[in-house]
Structure formats: C-alpha cells, structure tokens
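Trainee: If you want the building blocks of each chain, they are given just below.
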Amino acid sequence: MSKVLIVAEHFDGHLNAATARCVSAALALKAQSIDVLVLSDAPDAVAAQAAKLDGVSRVLTIANAANAAPIAQVLAPQIAKAANGYSHVFAPSTTFGKDLLPCVAALLGVAQISDVMAVEGSHVFQRPIYAGNAIITVQAPAAQTVVATIRTASWPAVAAAGNAPVEAITVEATLPTHTRYQGLQAGSSDRPDLQSAAKVISGGRGVGSAENFGIIYKLADKIGAAVGASRAAVDAGYVPNELQVGQTGKIIAPELYVAIGISGAIQHLTGIKDAGTIVAINKDAEAPIFEIADIGLVGDLFKIVPELEQAL
Amino acid sequence: MKILVGYKRVVDYNVRIQVKPDGSGVITDGVKLSANPFDDIALEEALRLREKGVASEVVVVAIGPADLTAHIRNGLAMGANRAIHVVSDQPIEPLAAARVLHKLAEKEKPGLFLLGKQAIDDDANQTGQMLATLWGRPQATFAGKVDIADNVATVTREVDAGLETLEVDLPAVITADLRLNEPRFIKLPDIMKAKSKPIETIAIADLGVDTTAQLRISRHAPPPTRSRGVMVKDVAELVSTLKAKGLL
Ligand SMILES: Cc1cc2nc3c(=O)[nH]c(=O)nc-3n(C[C@H](O)[C@H](O)[C@H](O)COP(=O)(O)OP(=O)(O)OC[C@H]3O[C@@H](n4cnc5c(N)ncnc54)[C@H](O)[C@@H]3O)c2cc1C
Ligand SMILES: Nc1ncnc2c1ncn2[C@@H]1O[C@H](COP(=O)(O)O)[C@@H](O)[C@H]1O
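Taken in sequence, the protein lines are chains Y and S.
All letters in the first sequence, in the order written, are residues 0 to 311 by numbering that gives the first Met the number 0.
All letters in the second sequence, in the order written, are residues 0 to 247 by numbering that gives the first Met the number 0.
FYI, nobody ran anything at the bench for these hints, they're computed from the structure.
Note that this is a predicted model, so its numbers are computed, not measured.
Where is the CB? At the ideal position from N, CA and C, for every residue including glycine.
Please note: incorrect hints may appear among the correct ones.
To be verified - Far from chain S, some chain Y residues (derived; all Cβ distances over 12 Å): (1) S1; (2) L26; (3) S32; (4) G54; (5) S86; (6) A130; (7) D189; (8) S208; (9) A209.
Stated by the list, open to error - Simulated pairs of lysine-lysine, DSS-like, Cα-Cα distance not exceeding 30 Å: (10) Y/K302 / S/K108; (11) S/K244 / Y/K217; (12) S/K242 / Y/K221; (13) S/K102 / S/K194; (14) Y/K282 / S/K232; (15) S/K51 / S/K196; (16) Y/K221 / S/K232; (17) Y/K217 / S/K232; (18) Y/K272 / S/K232; (19) Y/K221 / Y/K302.
Work out the full structure, taking the sequences as your base and the hints as a guide.
Mentor: Shown next as structure tokens:
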C-alpha cells in the first residue's frame with residue numbers, strides 16, 4: 000500500500016493552491032495515508048491550512064530558521080530524511096517543486112518522474128514529453144521510493160473541509176550555508192492568480208506595447224479574469240515574466256481562456272491544452288490558434304477588445 | 000575560472016513531433032536536430048563571462064552517441080575553447096546525466112557549471128538540480144540574470160511569483176532560462192576555427208558511474224487533440240455564444 004508524502008508549497012503564511020492538487024494525485028493512487036510536510040521558520044499557519052485539505056492523514060512540520068526561504072539545497076536534505084518509510088514523495092510542478100524535488104531524488108538515488116498527468120497504478124504514471132506532443136506511460140521500480148512532480152493543470156484541488164492532526168517533527172541533517180536568499184520581486188496585483196483562475200485573458204505580440212496591454216487588463220477586470228501572455232509579449236517587455244503561459248511558462252487549465260493577438264505556437268498551446276473553452280481573437284484568419292480554438296473571431300483586436308468590454 | 004556547459008542535442012524546437020503508430024516511440028528519422036535552446040543560452044552566458052574576463056575557459060560537455068561531432072563543433076564554433084564528448088549509445092535519464100556531469104566536475108574543477116533549465120525532448124527539468132546535489136554545491140535554477148564578483152554569483156531567477164534573487168558561493172550550478180540572453184549567430188570563419196579545437200571523447204562506461212535506466216517507458220501516445228470549433232462573425236455573437244455556454 001502507498002504512503003505518500005507531499006511537500007507543501009507556501010509563501011508568506013499562505014498555502015499555495017498547487018498543494019491541494021497534489022493531494023488529488025495522491026488520492027488517485029488509492030494511498031493508505033497521505034501526509035503533508037511543511038518546512039518553514041514558522042509553520043503553524045500553513046500547517047493549519049494544510050490540515051483542512053480533504054484526504055490528508057497528517058500534517059508534519061519542520062520548523063527551522065533556515066527554512067524561512069525556499070532554498071532547494073537547504074530543504075532537500077530534510078525532506079530526504081523525512082521521506083524514510085514513504086513509498087511516494089510528491090511536490091507540485093511549479094517553479095518551487097521543479098527546483099526542489101530533483102535534489103530529493105538525487106539524495107535518494109532515484110530517477111524522478113516530472114509532470115505526472117495521470118496515475119495508472121501505484122508505480123505507473125503518464126507524463127508529457129516534447130512540449131506535450133507525446134504522452135508516455137512510465138513505470139518506476141517497485142522497490143524504491145517514487146519521487147514525482149505533479150502537473151497541477153491535470154488535477155483538481157481537493158476541498159478544504161477536513162481536520163487532520165498536525166505533528167512537529169525533527170530531522171538530523173546538515174544544512175549548507177552556501178546559498179543566501181536576497182528576496183522576491185513579486186508582481187503586485189490584486190487580480191486572480193494565473194495558475195488557479197477560472198478565467199484567463201492573454202495578450203500576445205499583437206497587442207503591441209505595454210500601454211496597449213491596458214485594454215487587456217481592463218477586459219480581464221470586467222469579468223474577474225487573470226491576465227496571461229505569450230512569450231513574445233513578455234520578451235518585448237509588455238508584461239512581467241510571471242505572466243508567461245506555455246511550455247516554459249505556466250501550464251494552466253482555466254474554464255475560459257481568451258487568446259488575443261497570439262498566433263498559437265506549439266510552445267504556447269502546450270500551456271492551454273487543458274482549458275475548458277478557448278477563444279481566439281486574431282486578425283489573421285490563418286493563425287494556428289484557430290485550429291484549436293473553440294470559438295474564433297477574426298478581426299483587429301484594437302476594435303474588438305474595447306467593443307467586447309463595452310458589451311459585458 | 001573555468002566554466003563547463005551542458006550542451007545536449009535534441010530534436011529542433013520547430014519540429015512537430017509525431018508518435019509512431021505502434022506507440023513504441025516518436026519519429027526521429029530524418030528529423031532536424033539542434034542544440035537544446037536553453038543550452039545555447041547557457042553557452043552564450045559562459046562566453047559573455049569569458050569576454051568580461053570573469054572566466055578564462057569555456058568547455059562544452061555533451062553526452063550522446065558517436066555521431067554527435069557536428070553538434071559539438073557548433074558549440075566550438077559559437078566560441079567554446081574545447082569540448083568533452085561522453086559517448087553513450089543509449090539515451091540516459093537525468094540522474095545518470097547528472098552523475099556523469101558530476102564526475103566531470105570533479106575532474107575539471109570548474110568555478111561554474113551552466114546548464115539549460117530543461118531539455119526540450121524529455122522536458123524533465125532535473126539534471127542541474129541533481130548535479131548540484133551530488134556535487135554538494137549551490138544551485139540557482141531558471142536564471143534570468145547572472146552577475147559574478149568575488150567568487151559569488153548573484154542570480155535573478157524567474158519563478159512563478161515573479162523574480163527571486165539568490166546569492167550563491169562558487170563553484171555553483173546555474174540553469175539558464177529563456178530571457179538570460181540571446182545567443183549569437185555562428186559566423187563562417189568561426190566554423191573554420193572550430194575544426195582545430197580539441198574534443199576529448201570518453202566512453203561512458205569508463206567513468207565508473209551507474210547509468211542504468213530506472214524507469215521503463217511502456218507506451219508513447221499522441222496527446223488528446225482539440226478540434227477546430229466555431230467561428231463567430233462579431234462581438235455580439237461572441238458574447239451570446241459565451242453566455243450560452245455559461246461562461247459569462
Ligand atoms: C524553447 C522555447 C520555449 C518557448 N516557450 C514558450 C512559452 O512558454 N510560451 C509562449 O507563449 N511561447 C514560447 N515560445 C515562443 C513561441 O515559439 C512563439 O515565438 C511565441 O509564442 C509567439 O508569441 P505570439 O503569438 O504573441 O507572437 P506572434 O507569433 O508574433 O503572433 C502575434 C499574433 O498577433 C496577431 N496580431 C497582430 N496584430 C493584431 C491586431 N491588431 N489584432 C489582432 N491580431 C493581431 C498576428 O496575426 C499574430 O498571429 C518558446 C520558444 C522556444 C524556442
Ligand atoms: N545528454 C546530455 N548532454 C549534455 N547536457 C545534458 C544532457 N542531458 C541533460 N543535459 C543538461 O541538463 C539540462 C536539463 O536537462 P533535463 O533535466 O533533461 O531537462 C539540459 O539543458 C543540459 O544542459
């Protein structure tokens with residue numbers, strides 16, 4: 000029977016929604032127990048949030064001043080120790096989990112399975128390769144711990160109506176001092192979070208400038224959507240990097256995705272394949288985005304977007 | 000300071016990969032191969048550090064089959080001083096690649112090991128982190144900006160929440176993200192010059208590391224496809240279609 004340890008992602012005392020998606024993947028294993036591990040300088044608030052997640056058996060906390068910032072080489076030795084006795088160690092496929100979990104895998108001497116999108120058995124998983132153009136079924140050896148990151152867009156978040164016990168644990172691990180956290184420059188925004196929003200409005204190179212992006216934000220605010228962008232729009236400096244959607248940006252699965260002035264390169268489409276409904280607005284009727292869009296509208300975005308905003 | 004750069008050959012990013020009808024793999028016959036785009040960025044960064052006088056030597060490292068020579072010559076033509084080719088007929092998992100690169104790190108003692116953040120074939124995003132762990136050195140992944148002074152690298156990382164800054168002691172492993180730089184184009188005279196640059200070849204078995212595959216891939220399948228939907232003629236029709244679907 001599987002015993003799963005999920006590494007919680009959190010920031011500023013808030014549990015990241017990605018953790019609740021990892022619990023769904025663990026439930027798909029029909030696990031005997033699902034524990035969530037919170038590493039922090041002050042884990043209590045985050046532990047209380049994790050304890051509410053449906054399906055969680057226990058929340059374990061490791062409090063240490065060195066855990067104040069998510070430094071992979073500091074967290075990994077503690078997780079590798081805490082993983083003793085578990086059959087699976089999961090973390091979300093966010094930049095946090097991608098940075099951290101391979102270190103745990105290397106310490107345990109096991110190959111990691113990245114971006115788990117489906118569970119076929121306790122040791123058999125599906126994951127995408129080649130920017131999602133092929134899906135492979137991989138089997139991990141039964142005799143060793145499975146270390147895997149969970150592709151958040153493939154899994155719903157579990158509800159938060161539970162009440163799991165919280166236990167503080169200690170581990171013996173030598174922690175390096177070679178890495179110093181200098182801070183985070185977060186895009187301050189009170190808009191919905193791109194990775195968990197039900198609606199996302201994205202702009203591409205076609206939007207033309209940072210000022211022009213104003214019409215995208217305005218439309219998004221009107222319907223309570225998060226704002227995303229193509230790589231070209233980020234590279235051109237129209238919007239900050241954390242808005243990038245795609246193979247190397249965020250992989251998202253909103254109910255509604257609106258692509259405005261985005262051509263539909265495969266690297267972008269990888270990030271939106273799981274969206275419920277895709278709407279494309281583009282002046283080029285031949286743009287590849289229309290091949291996968293559920294609803295397409297050909298025309299000039301500078302005319303259409305303000306008109307749409309007015310109509311809502 | 001010496002910089003080692005991971006330089007993997009992959010299917011070119013413009014190729015739309017097709018799965019073989021029998022599910023045994025993807026079609027790679029006759030498909031264009033290129034350097035992993037993130038590795039080109041890693042190499043460019045190493046070359047710029049050498050041009051700034053921070054580094055004195057740039058060595059590209061590629062693990063792969065014997066026919067990798069043309070790919071390695073590209074890295075040399077871009078400007079690397081020399082290359083190490085670890086010959087492996089079988090594709091290897093990121094942990095095995097990290098073990099190989101760790102061996103080379105012990106042998107070459109670089110001040111910096113630059114890699115791509117992910118290889119666009121396996122999309123694993125693991126090797127750099129695993130290398131740093133095995134080597135017992137700091138890592139700064141998804142780098143968008145690198146500054147080096149006094150044996151310390153200050154790295155701005157592209158994370159989900161924005162831009163994070165880490166300060167790491169050298170030697171360290173840094174993995175390149177897309178916006179770190181724009182790689183230079185190779186010029187004809189550089190291709191000529193590259194012909195005389197040294198390539199050391201090492202058989203993977205001679206490194207004495209365990210590179211056996213742990214994961215068994217049983218099936219390749221094409222992704223679920225999305226099909227073309229409806230075209231609407233104007234904003235009014237768009238709004239009514241979205242309303243009918245309950246999305247507005
Ligand atoms: C390794 C690698 C990783 C990558 N990762 C990503 C990724 O994660 N995410 C990503 O997005 N890209 C990624 N890319 C880049 C990708 O290949 C494309 O270059 C990029 O997605 C193009 O962005 P775009 O559609 O905004 O720009 P373009 O392709 O230039 O398209 C602009 C579109 O706007 C339309 N347009 C212009 N003006 C108007 C107007 N007035 N009204 C309406 N429409 C208009 C045009 O018809 C065109 O279709 C990656 C590339 C590589 C090599
Ligand atoms: N066979 C290889 N040869 C050289 N470098 C590699 C190889 N495999 C992985 N790497 C390096 O590790 C990075 C991440 O690869 P991956 O973990 O497979 O996504 C790549 O961008 C390369 O820099």
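Trainee: List in ascending order the numbers of the hints, as given earlier, that are violated by the structure.
Mentor: The structure conflicts with hints 6, 10, although it agrees with all the remaining ones.
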